[in-house]
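Colleague: Residue numbers (the working numbering), protein chains in the order written: chain A, 1 to 128; chain B, 1001 to 1709.
In short, the hints are calculated from the structure, not lab data. All of these numbers come straight from a predicted model, not from anything done at the bench. The beta carbon of each residue, even a glycine, is placed where N, CA and C say it ideally should be. Hints should not be assumed to be uniformly reliable.
As the list claims (entries may be wrong) - From chain A, some residues computed to sit far from chain B (all C-beta separations above 10 angstroms):
hint: 1; residue: Met1
hint: 2; residue: His74
hint: 3; residue: Met119
Said to hold, decoys possible - Covered stretches of chain A, as calculated for chain B (at least 3 residues, CB under 8 angstroms):
hint: 4; segment: 63-73
hint: 5; segment: 89-99
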Amino acid sequence: MTARVLLVDDEPNILTSLVFLMERSGYEVQVAADGEEALAAVDSFRPDLVVLDVMLPRLSGYEVCQRLRASPAHRDLHIVMLTAKGRDVEAAKGLEVGADAYVTKPFATRELVALVGRMLEDDGAGQG
Amino acid sequence: MRARARFALAVAGLSAAALGAAALATWLVWEALDAAARDAVAAAAADRALALGLVASGVVVGIALALQAPFRTWTAPARRLIEEGRLILLANPGHRVRLGAGAQELVDLAGVVNELAEHGQQALAEVEAQIEDARAEVAEERNRLVALMSQLPQAVLVCSAEGRILLYNGRTVALLEGESEDGSGGYVGLDRSLHALVDADALAFALAEVQRRLGAGEDEPVSTFVTAAGGGRLLRAQLAPVRAEEPAAGGYVLTLEDVTRRLEAGNRREVLLRSLIERTRAAVASVRAAVETIAAHPDMESDQRDAFTGIIADEALRLSGDLDAAATATGAHLDASWPLDDMLGSDLLAALRSRLAGVWAVDCAVMGPPAPVWLRVDGHALLAAVATVAERVVGLGPISAASIGVEASGGLARLDVSWRGPAPEPAAFAGWETARPDGRIPLTLKEVTERHAGEVLYRRHPQGDGGMLRLLLPAGEPAARPTTPGPREQRVAGYDLRMLQRVDRASDLDERPLDQLTCTVFDTETTGLAPAEGDEIIAIGAVRIVRGRLQRHERFSQLVDPQRHVSAASFRIHGIDDEMLAGRPTLPEVVPAFARFCDDTVLVGHNVAFDLRFLELAEGRTGVRFDQPVLDTLLLSAVIAPEQADHSLDALAARLGVDVVARHTALGDALLTAQVLLRLLPLLADHGITMLGQAREAAAQTPHATLGY
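Okay, chain A solo, but in the shape it has when bound (with noise of 0.2 angstroms):
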């Protein structure tokens, strides 16, 4: 099964070198510009990984991430946070609320596409 990965971003200009590098890796990718469209997403998209920046209108990535990790459905989705806001206490705080990883920009893209990788293929063995 194709693992599926939602990108979220508000700045299109990442978004585009993340989908091309996603798609290429052979995941099915989809979209969204700000908080409440990636959480409306997670639940019509449920995807197996997340990649969420925290700076978006509306819904901070940090909100976001609070919310889905309170609900039982989406214990197991991964979360990755990428984003310019780089500081220790930012960091920390984005794991506390529940990221599986935090990257700060700029960042390798290889680097990234294998972080990915890893997180998807843990998974592997319950999806076959």
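Take the given structure of chain A and dock chain B to it, following the hints.
Modeller: Then chain B, alone, in the frame of chain A:
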């Protein structure tokens, strides 16, 4: 007139009278004789000329011998009686006259004088007791002021219009003198010049600025300047005028602040920011150039295109590295412009607990921390913001239980507040984060966390029966514990504001009244009594008298390594041995520091020629010449009490009623000499000596003044 001269005059007078009478008698007889008899008498007289001469001398000697007794029993003791009476009257009411030898009447008179002195002293004591009560109250007030000033964390300074220090506190000493023990940055003390301690040009400019603003009619003219001070610090000084009734008098108040760290941090941030901007410009330029070239030439060869994309990748990578470096650097130098303090976690929890008890009516359980955790916080703002949120929570319903805790986590600290009771939805809580509390500096929880460069988290229990507020805050450093104050910090504060109200009239030092002098009273201990034969100074001690008032705390005390052996004989006197001196600074190091200490003052000592000789002989080694005016308490004592035989420091102290605490230490002797000097002043004034020049002249005329070493 001196006693001896008087005696000689008396002898001469009486002899002249006796011999004159004899001559008159002879002449009377001579007149009655006729010529032949005269010749016979003359011949007989010529025969006995020698005998006659001897008789005449005998008369003179006889008179002298005869007069000696009355002089010894009357004149000399009477003069002593007068001297000692004056001493009782002017300097030491407790002194009693002791006449060993003398006429019985004089001894009785001495007894009467003593009785009168006794009565006088009692009456004086009663009056003084009353004055003392009144003074005690003033002294207490003064002590409170000094204690308050010495505890001020700010450095405060008052100086006269000419820049002479009139008031200072311990913090001022610490900031201006720095760590130097030898006064290389200048000394802080009453009547010392401020111009020697701070950047003279900057000070002058600030003073002129204040004057200009005063002239322009500004109500509160203040001027600011930055100066370098001892130890490489940078100080920010604020200057404001103090007005007095006399137009030329008055002065200035200064506060000083150490801005070294702040300026350094500010500079570092600026440098960092500027370099980041420059590197980003460069990187973006390369990227844009590459991108625009590719866009403008879609037909370029693929390897050429690869080169350009390579450039873009390269620059992007380099820029990423620069950003990381900048982020780390700013993190390390984060000196938030909002004032934060290092605080112990347990102290913060204690304060939070009592605050929440008031808002929630619940006693919070306190969790840990197991080991001391330090946070960097504005405690008050933080507590106020948390309390505001707490108020909103309890507004929804009562709280049944709560717990608070602090934990270290990486380079951060976590402050948790958990409660059982109503808990809003996260969305509602988000609104509370931006709610503004009441109070003087109303900051929302969001603003407070931002100022702390921290983050806020809120979690609601799944059952909805409680919630948790978590604050991620920067970790702090253990606040530096103050060490026991060294001897310099004990010069906690001093003030003498007289010069604010009047102006120094006498520009010539010799015309300065003795009780308005600023002197350095000093004493040395040495290896022996022969400076010209290799004896050396082993200790210098000094205190300051500022405008006639002894400043006990402004002192100089230093042991000196003489680089030779201390003889057993001199050790018996001062108790300093070779071991105590090993490793001490040598004379060429100490004397310049001493010179700075006594700069611009009159030098005073007991038998000071002795000490000065040592310093003079060492001029080549130390490079210091002392050319201040000098006063010697031994000579001054000889001026007012020429009949006394003993002018030693011990005898002077006893006569003048000064308690001897520590003899034969340089500092102890200097203090003693200073007190002796102050008590000599009224006695000198009684002899008509009120100015420095007069004192020096009178001292130079005493017989002791010619002793050389």
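Colleague: Next step is simple, just say for each hint if it's right about the structure.
Modeller: Okay, the hints, checked on the actual structure:
no., hint, in the structure
1, Met1, "holds (31 angstroms)"
2, His74, "holds (14 angstroms)"
3, Met119, "holds (23 angstroms)"
4, 63-73, "holds (count 4)"
5, 89-99, "holds (count 6)"
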